[in-house]
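S.K.: What follows is each chain in one-letter form.
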Amino acid sequence: MVVTERRAVELTGETLLGMYERMVLIRVFEETTMRQFADGQIPGFVHLYAGEEAVAVGVCTHLADSDFITSTHRGHGHCIAKGVDIAGMAAELMGRRTGICKGKGGSMHVADVEKGMLGANGIVGGGFPLACGAALTAKVHGTDAVTICFFGDGASNQGTFHESINLAAIWKLPVVFVCENNGYAEATTFAYHCSVADVATRAAGYGIPGVIVDGLDPLAMFSAAGDAIARARRGDGPTLIEAKTYRFYGHEEGDAATYRTAEEVEAHRRRDPLITFGAHLTGTGIATEADLDGMRARAQTTVDAAYAAGAAAPWPDPAETLDDVYVSYRGR
Amino acid sequence: MVVTERRAVELTGETLLGMYERMVLIRVFEETTMRQFADGQIPGFVHLYAGEEAVAVGVCTHLADSDFITSTHRGHGHCIAKGVDIAGMAAELMGRRTGICKGKGGSMHVADVEKGMLGANGIVGGGFPLACGAALTAKVHGTDAVTICFFGDGASNQGTFHESINLAAIWKLPVVFVCENNGYAEATTFAYHCSVADVATRAAGYGIPGVIVDGLDPLAMFSAAGDAIARARRGDGPTLIEAKTYRFYGHEEGDAATYRTAEEVEAHRRRDPLITFGAHLTGTGIATEADLDGMRARAQTTVDAAYAAGAAAPWPDPAETLDDVYVSYRGR
Amino acid sequence: MATVATRTLTYAEAVNEAIRISMRQDPNVILLGEDIAGGADVDHLVDDEAWGGALGVTKGLVQEFGRGRVLDTPITESAFIGAAVGAAATGLRPIAELMFVDFFGVCMDQIFDQGAKLRYMFGGKARCPLVIRTTIGAGLNAAAHHSGCHYSVFTHMPGIKCVAPSTPADAKGLLLAAIRDDDLVLFFEHKLLYGLSGEVPEGDESIPLGTADVKRVGNDVTIVAISRMVHQALEAAEQLAAEGIEAEVVDPRSLSPLDSDSILASVAKTHRLVIVDEDNPLCSVAHTIAAIVADEGFDSLDAPIRCVTAPHTPVPFSPPLEQAYIPSPEQIAAAVRAIL
Amino acid sequence: MATVATRTLTYAEAVNEAIRISMRQDPNVILLGEDIAGGADVDHLVDDEAWGGALGVTKGLVQEFGRGRVLDTPITESAFIGAAVGAAATGLRPIAELMFVDFFGVCMDQIFDQGAKLRYMFGGKARCPLVIRTTIGAGLNAAAHHSGCHYSVFTHMPGIKCVAPSTPADAKGLLLAAIRDDDLVLFFEHKLLYGLSGEVPEGDESIPLGTADVKRVGNDVTIVAISRMVHQALEAAEQLAAEGIEAEVVDPRSLSPLDSDSILASVAKTHRLVIVDEDNPLCSVAHTIAAIVADEGFDSLDAPIRCVTAPHTPVPFSPPLEQAYIPSPEQIAAAVRAIL
Ligand SMILES: Cc1ncc(C[n+]2csc(CCOP(=O)(O)OP(=O)(O)O)c2C)c(N)n1
Ligand SMILES: Cc1ncc(C[n+]2csc(CCOP(=O)(O)OP(=O)(O)O)c2C)c(N)n1
Ligand SMILES: [Mg+2]
Ligand SMILES: [Mg+2]
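Chains as they are written, first to last, in this note's numbering: chain A, 45 to 376; chain B, 45 to 376; chain C, 17 to 356; chain D, 17 to 356.
For the record, the hints were derived by calculation from the structure and aren't laboratory data. Any given hint could turn out to be false.
Below 27 Å or equal to it, Euclidean Cα-Cα: the simulated BS3-like pairs (lysine-lysine) are [to be verified]:
(1) B:K183 / C:K75
(2) A:K159 / A:K216
(3) B:K216 / B:K183
(4) D:K141 / A:K159
(5) A:K183 / A:K216
(6) D:K231 / D:K285
(7) B:K183 / C:K141
(8) A:K183 / D:K141
(9) C:K285 / C:K231
(10) C:K75 / B:K216
(11) A:K183 / A:K159
(12) D:K75 / A:K216
(13) A:K183 / D:K75
Stretches of chain B that chain C covers, calculated by requiring three or more beta carbons in the stretch to come under 8 Å of a beta carbon on chain C [claimed, not checked]:
(14) 152 to 158
(15) 169 to 177
(16) 207 to 219
(17) 251 to 265
This structure is a prediction, so every number in the text was calculated from the model and none was measured. Every residue gets a Cβ at the ideal spot worked out from N, C-alpha and C, and that includes glycine.
One chain only, chain A, in its complex shape (with noise of 0.2 Å):
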């Protein structure tokens, strides 16, 4: 197993910029969704990624619309890190027929087969052997297209985490496994369900890489994944990455976690990888404090005229009910 330094890598200030940006479009997302829901503008369960942006963001950064992500019930940040449309997601998660599931999925179900987002998922593990069939795809037709499994270290106890990792490691598969160790599952710490220190430790019962990266530093992610992705491309099978990071707010909108301590949070906090590394690009010369602003307020701009629209949008139909169930016939 590999522990993972924050690298220098060799990034353009675009590329850094760029990763910025889409970090804090999550964030900005994410803490609007959660006034959003507040305000009963959101139905159902919401989880948010918050804290935890530098993750998806490090991996995403190198993938095309070619490339498939699996992601989990905190997929907002997957799904903003692989582009898919603000709006789309504002007015799913409003349940209007707008939303890029036309209402029928939610937060736990957001998805956009086009963008290569194969949706977020409502069952904890659900994810693992999708992410080996889209890399079985890839595999059979020859194309250099990855797959990445984004999952939870709560995931990493389900029996599909197992049999799906020694299938892509078999098999060859091109896929990266990205577990986002946030210390807890629900109310249960990872000390507690997991009979290991590190999930990467597992890699070794595959044959794989196991890499541990700070899940908190943009950089670092970046750099592990792409030597995964590398891997994976060149068709020497998958890499097990476990990013340490850190959820900043509840499980889910409504919970206290009050498992968790005020000084553990408050921590936490303080290493806000938007914070760190706003402060890297501005120490580095790449941005001023007023650039980051300005995509701050972009960003909030974006996302503000998207639950806007949402909140235009119409409801669907409730004939619409009875859509999609097939592709050749209607339920009924």
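Assemble the complex: chain A is given as a structure, and chains B, C and D with the ligands must be docked to it using the hints.
M.R.: Relative to chain A, chains B, C and D with the ligands alone:
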């Protein structure tokens, strides 16, 4: 991971002879079962344990009736090693009313809960969670009972393997996972289906000991199992033991096993545990050839009597089909 | 019948009370599930902060019975539900929680191939006194992975008993019986009923599994309704009463074993049957009830049997779609009018 | 109708041929399952020694299409069936084999929560053109983990199509259609039918899903029978014909979508209905057909609807018990006589 060499173990001659007796009883049962099957006396699917006797006997020699085992589709050897009645087994395989499961289960479901034998299992990987449950009972009741979970190399990729070992590890359940790695899952080789060279390697992913043992050597099995069982009874949690073993016949009766070379089969047959262990017993003066022959003859008598009784036993009454679905009422 | 003191409890409180009573009586009763205690190894949690299950139904039990009997599990349903089966076969009487029934796909083998069949395969020489509590039902905009009913799948399976209470009193009484039962019981709690209040008997008053309950007496039509649909049916019955139509509302309460005698008796009186089921229609409990009556009650019938069910679709997220998905009192009343 | 050349094939050969034709036509069709090729990395195997599936149904395909398209899998049904779902959503048309339907419990989430719901949850913006072939049925003394039918569980689930052919010709024609279908299809092959021979059209002649087939014409009673039960029903019909009773035997062939029109049309003619299903009775396809006819065909009915099904028990091992478990021609004939 520890590779257990055959170790000098302090065993009385009586225990050693008892082990040989059990092993020869399994072998004779299986070879007789093969003939009975060929004669059309045994319906359904039959998977023979011949060749793997050292595993079941090496492990179960440590156990009392109050300890539990879970088994597999290849379960006859586990049953006999755990002391299940031979006549009850033969009648069960024949589908007679006098069978240990009244003819309801057959070869793939032989069970005797009173003897701590929680059933052969038609589902590959089905026994892992059950074993955790039996171990949980011991833990809640505060007894020192231990549970052994036997499984094949093919089963080591199933999700239940992963989930259950993690659960046993975090709860420090008194359970020992014993992989019978006979190199094949049906016609599929271990080298193909598994991403690591040794199943025991996976123990590291659960923070528990992983041990590789020569599964053709009952003394090596005995000593490795002894350590693991002691650890479990002490409350220190599970161990993963991988027994490198071999099945002398096809996957099931009817399988010509052409996926194995004659040389490979021959090489293993030369290391037949009955031959090598028999030689150990005669070599150390614990038994004479005649003693061993006598044990085999007595085993044959026992097994023949069991099958004869089975053949003479009544079939179940069709009305019994509806019995024993529920405790409190009858199916319909 | 001796009078039993009652007080008002919610459905969730009634479930909690049944578990508490059972755990006090029998040290073999243990609880396991994800966050069933909540925050398993978090020391700073003050008592009522522990989750007590994702929906708070088991709150307070870990405080009384301790972490040795109220066990938080990893997210590994096959392992812990299978462990509950193994524990049940070896002397405990576990209560396992499957957080949402929609997750059954990750652990079904342990339920139906192991737990449900073990006794039969072993020739009656084993028992599986296990209760699996799970939540069902649409109405929270929880979308396609958190809103189904699917008790039909379990009702189909031999070796499983299925219970789906509609009121706080039934929830308590039936759960007491389920925990005491020597077979594998799936206990379906409707998420939208948790907040419902009702009179609940004090103490250890169980209700036998396999007994239906007539929730409203009437002569003109029988409405058999399951779980939350009982309340939709009662509302429909009120609408119909205003039109002079008196519906009898029968709540089977347990789906397997099913008290078909009570249903047939009601149809023998009313000659008309409407069945209301929030589950998808094909191979549903609704269809099974219809089939039983179309056979054994055929001569009583004066009209076609109508089923009012969810459509043959997954559960949609958007509120207007989800409302269209759930059988409504209006649909039920219309179905009744159509066969009168 | 143009005449199509036929020859005699077994049901197993018919399945094999449908796969072969589809794989020749479309490079996106791949096959995966345990020992589906057989002996994946064993070089010394001469051609016909490779297993071609546990029951030999896919024999020879790896020789023609290679190991890149006929993939042996580890024993990890969730992973490889889920991978088939993911592959289907991204451009392949996989055919996955679940060796015995009884194993569905280890992989159901990937089938019903992922594969079946994906299109709906994504607002129609995805497809899952996947066929899962599986074997069903009692009769081999394979006991409770290898003998069930359980197509009812899949028929219940929205987003899944279910097909259960009873003859070699239907097996080929329906499988061709299933592979070409853009939805998730569960294809149920009855183990006891594999050896059955029959005339099968040459070439690429598919049979549309959702169309029933009248296997015997008669005026006195309709017998709807599924999969192998079609043959039991035909045998019963012969027994009845000797008594002057002419039964019409309708084979739905596809269970979802179900061609209820054909069933209703037959009942409209015969006024009597018996349904034969080897699956367990509760929440079965049999009960669904009964429910549909008890509603939409009520006015045609002159007698109670009878279902002849397996009992509400797991499948027992012992031959006399297993024979008692499987619906027999005698039971079917008796059910018909009872409602005449
Ligand atoms: C199969 C399954 N079991 C349980 C749940 C309920 N659940 C939803 S999220 C969650 C915790 C997931 O933890 P983790 O994988 O660490 O992801 P995180 O929420 O921390 O991002 C649980 C238990 C579920 N959705 N699916
Ligand atoms: C869940 C499940 N999948 C597939 C099978 C079919 N099957 C029965 S035995 C077997 C091979 C098992 O291999 P292994 O675990 O190595 O045990 P062995 O037969 O070698 O003792 C397979 C695939 C099954 N019974 N259950
Ligand atoms: Mg987490
Ligand atoms: Mg093996």
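S.K.: Hint by hint, note whether the structure agrees.
M.R.: For each hint, the structure was consulted:
{"no.": "1", "hint": "B:K183 / C:K75", "result": "holds (24 Å)"}
{"no.": "2", "hint": "A:K159 / A:K216", "result": "holds (24 Å)"}
{"no.": "3", "hint": "B:K216 / B:K183", "result": "holds (9 Å)"}
{"no.": "4", "hint": "D:K141 / A:K159", "result": "holds (11 Å)"}
{"no.": "5", "hint": "A:K183 / A:K216", "result": "holds (9 Å)"}
{"no.": "6", "hint": "D:K231 / D:K285", "result": "holds (16 Å)"}
{"no.": "7", "hint": "B:K183 / C:K141", "result": "holds (23 Å)"}
{"no.": "8", "hint": "A:K183 / D:K141", "result": "holds (23 Å)"}
{"no.": "9", "hint": "C:K285 / C:K231", "result": "holds (16 Å)"}
{"no.": "10", "hint": "C:K75 / B:K216", "result": "holds (25 Å)"}
{"no.": "11", "hint": "A:K183 / A:K159", "result": "holds (19 Å)"}
{"no.": "12", "hint": "D:K75 / A:K216", "result": "holds (26 Å)"}
{"no.": "13", "hint": "A:K183 / D:K75", "result": "holds (24 Å)"}
{"no.": "14", "hint": "152 to 158", "result": "holds (count 5)"}
{"no.": "15", "hint": "169 to 177", "result": "holds (count 7)"}
{"no.": "16", "hint": "207 to 219", "result": "holds (count 6)"}
{"no.": "17", "hint": "251 to 265", "result": "violated (count 0)"}
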